[in-house]
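*Asks:* The primary structure of each chain is shown beneath.
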Amino acid sequence: MNNTKLPPLTEATFHVLLALSEGEKHGYGIMVEVATQTQGMVNLGPGTLYGCLKRLLEAKWISETEHAAGDQDVKSPVFEERRRYYRLSGEGADVLKAELERIQAITRLPNVQRILGGQS
Amino acid sequence: MNWLAIYRALLVLYPADFRDRFGKEMELVFGEALSQAQRAGRAPAFLISVCTDLAKSALREHAAAFRAGTFCAGLAVLASGLLLGWADSQGGEVQGSVLVLVVCCGLVGLIWRKGAASFAVLFALGIPLFNIRSGHASVGDLLFFVIALFAVAIGSGVRTLLSGPFGITVAIAMGLALGAIDMVVATPVIAIAGAFLGGIAFGRWRPKPLKVAALFGFFEPVGVIVMMAMGMHAARHHFVFIDARSILIAMVGAAIGARFSEISGIASPTPEAA
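One line per chain: the protein sequences are A and B, in this order. Here our numbering is used: the first residue of the first sequence is 1, the next is one more, and so on. Here our numbering is used: the first residue of the second sequence is 1, the next is one more, and so on.
So that you can see chain A by itself, here it is in the shape it has in the complex (with noise of 0.2 angstroms):
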């Protein structure tokens, strides 16, 4: 697959992916993660959160596991029959990479390097 021919990520898209980049994570996770990576910039609803989860699944860009080792809330009854993880494929984490080169390749043009040092 050439991911440089794919088309620029969503927003949601692409902040979900690096979320899931440092290991797999429930929503709310995604959530939080997300809002962190971002300082509170892109905060992502339930709806917009789940209709991105479901698309990334059907691509095959994440897939889906029982749960997390180690993560306290699965003792929850409650947690355990709903709570599902995801974590990035071997496709998606090509999917991710080929995004931020895509982005690393922008941040290199003269003019964006104009405008970032003229900001600094």
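Calculated directly from the structure, the hints in this document are not laboratory data. One or more of the hints may lead you astray.
[As the list claims (entries may be wrong)] Capping the alpha-carbon separation at 25 angstroms, the derived lysine to any residue pairs in SDA-like fashion look like this:
| id | chain 1 | residue 1 | chain 2 | residue 2 |
| --- | --- | --- | --- | --- |
| 1 | A | K60 | A | P110 |
| 2 | B | K56 | A | G23 |
| 3 | A | K60 | B | L34 |
| 4 | B | K56 | A | V42 |
| 5 | B | K56 | B | Y7 |
| 6 | A | K54 | A | V112 |
| 7 | B | K56 | B | R19 |
| 8 | B | K24 | A | T13 |
| 9 | A | K54 | B | T52 |
| 10 | A | K54 | B | R39 |
| 11 | A | K60 | B | M1 |
| 12 | A | K54 | B | M1 |
| 13 | B | K24 | A | G23 |
| 14 | A | K54 | B | R42 |
| 15 | A | K54 | B | R60 |
| 16 | B | K24 | A | R84 |
| 17 | A | K54 | B | R19 |
| 18 | A | K54 | B | Y7 |
| 19 | B | K56 | A | T38 |
| 20 | B | K56 | A | K97 |
| 21 | B | K56 | B | V12 |
| 22 | A | K54 | B | A40 |
| 23 | A | K60 | B | D17 |
| 24 | A | K54 | B | Q38 |
| 25 | B | K24 | A | S89 |
| 26 | A | K54 | B | G41 |
| 27 | A | K60 | A | R108 |
| 28 | A | K60 | B | E25 |
| 29 | B | K24 | A | R55 |
| 30 | A | K54 | A | E99 |
| 31 | A | K60 | B | Q36 |
| 32 | A | K54 | B | G31 |
| 33 | B | K24 | A | S63 |
| 34 | B | K24 | A | E99 |
[As the list claims (entries may be wrong)] So the derived list for chain A, only partly shown, Cβ under 8 angstroms to chain B, looks like this:
| id | residue |
| --- | --- |
| 35 | G47 |
| 36 | K54 |
| 37 | R84 |
| 38 | T107 |
| 39 | L109 |
Idealized CB from N, CA, C, for every residue including glycine.
Chain B: place on chain A using the hints.
*Replies:* Leaving out everything else, chain B in the frame of chain A:
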């Protein structure tokens, strides 16, 4: 106020497949995020953002569900929505239009998992389209969209309820209700269409869809008999003929509807029933 219960109820706005798969997780995430927002003293802002997110994402998921449908399903939605809209607009009376809209969209919401909202929008679109053509369009026609989606949401909610242990009871009750309607309108078309639609709706309860559909079909004429016994039947002297025939029509219609439901897959079984 129990925000979790309200959010749970609002999940009916999402397509049924999406809700079945992610609804419980979404409730869980909402509950956790709400607790966190309450601790941080920003619950109102969180609730507003959730409402906005819900409206946008529900529309997006309905659009995705429509795109995911087969070509034939899409064509059927388009044709039936516009046809019914046209037929409805020919009535000329607003009350009649709303009634037809609510009944049709409610039934479609009840039986069709993937295409119900699309059907409702197209159906509602059919009315102003043909009103424009006949020179009777008004801004009020826009209300049809809201009514149609509302009816679909109710139908979809009822469908969720029916997938529980009350299914057979509701099948009987609907059969009786249809019999009462049949008594009022006195038309075999109602019995045939109702039994067929009922068969589709009840056909999804595996492993014995035909038995449930047959119950529905059997109780439709029983509804006529009950209403007649109460002195409300419009055609008393036709009782024997009409109801002997109705039993047969309703049961065959329901059985065909149930079988149609099985082979077409338009009403796939719920996770509970599968």
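*Asks:* Take the hints in turn and mark each one as holding or not.
*Replies:* For each hint, the structure was consulted:
no. : hint           : verdict
1   : A/K60 / A/P110 : violated, 36 angstroms
2   : B/K56 / A/G23  : violated, 29 angstroms
3   : A/K60 / B/L34  : violated, 30 angstroms
4   : B/K56 / A/V42  : holds, 16 angstroms
5   : B/K56 / B/Y7   : holds, 15 angstroms
6   : A/K54 / A/V112 : violated, 34 angstroms
7   : B/K56 / B/R19  : holds, 15 angstroms
8   : B/K24 / A/T13  : holds, 21 angstroms
9   : A/K54 / B/T52  : holds, 20 angstroms
10  : A/K54 / B/R39  : violated, 30 angstroms
11  : A/K60 / B/M1   : violated, 40 angstroms
12  : A/K54 / B/M1   : violated, 31 angstroms
13  : B/K24 / A/G23  : holds, 23 angstroms
14  : A/K54 / B/R42  : violated, 29 angstroms
15  : A/K54 / B/R60  : holds, 12 angstroms
16  : B/K24 / A/R84  : holds, 10 angstroms
17  : A/K54 / B/R19  : holds, 11 angstroms
18  : A/K54 / B/Y7   : holds, 20 angstroms
19  : B/K56 / A/T38  : holds, 21 angstroms
20  : B/K56 / A/K97  : violated, 29 angstroms
21  : B/K56 / B/V12  : holds, 14 angstroms
22  : A/K54 / B/A40  : violated, 30 angstroms
23  : A/K60 / B/D17  : holds, 18 angstroms
24  : A/K54 / B/Q38  : violated, 28 angstroms
25  : B/K24 / A/S89  : holds, 24 angstroms
26  : A/K54 / B/G41  : violated, 31 angstroms
27  : A/K60 / A/R108 : violated, 31 angstroms
28  : A/K60 / B/E25  : holds, 20 angstroms
29  : B/K24 / A/R55  : holds, 18 angstroms
30  : A/K54 / A/E99  : holds, 20 angstroms
31  : A/K60 / B/Q36  : violated, 31 angstroms
32  : A/K54 / B/G31  : holds, 20 angstroms
33  : B/K24 / A/S63  : holds, 18 angstroms
34  : B/K24 / A/E99  : violated, 32 angstroms
35  : G47            : holds, 3 angstroms
36  : K54            : holds, 7 angstroms
37  : R84            : holds, 6 angstroms
38  : T107           : violated, 30 angstroms
39  : L109           : violated, 32 angstroms
In terms of the numbered hints stated before, the structure departs from hints 1, 2, 3, 6, 10, 11, 12, 14, 20, 22, 24, 26, 27, 31, 34, 38 and 39, listed from lowest to highest.
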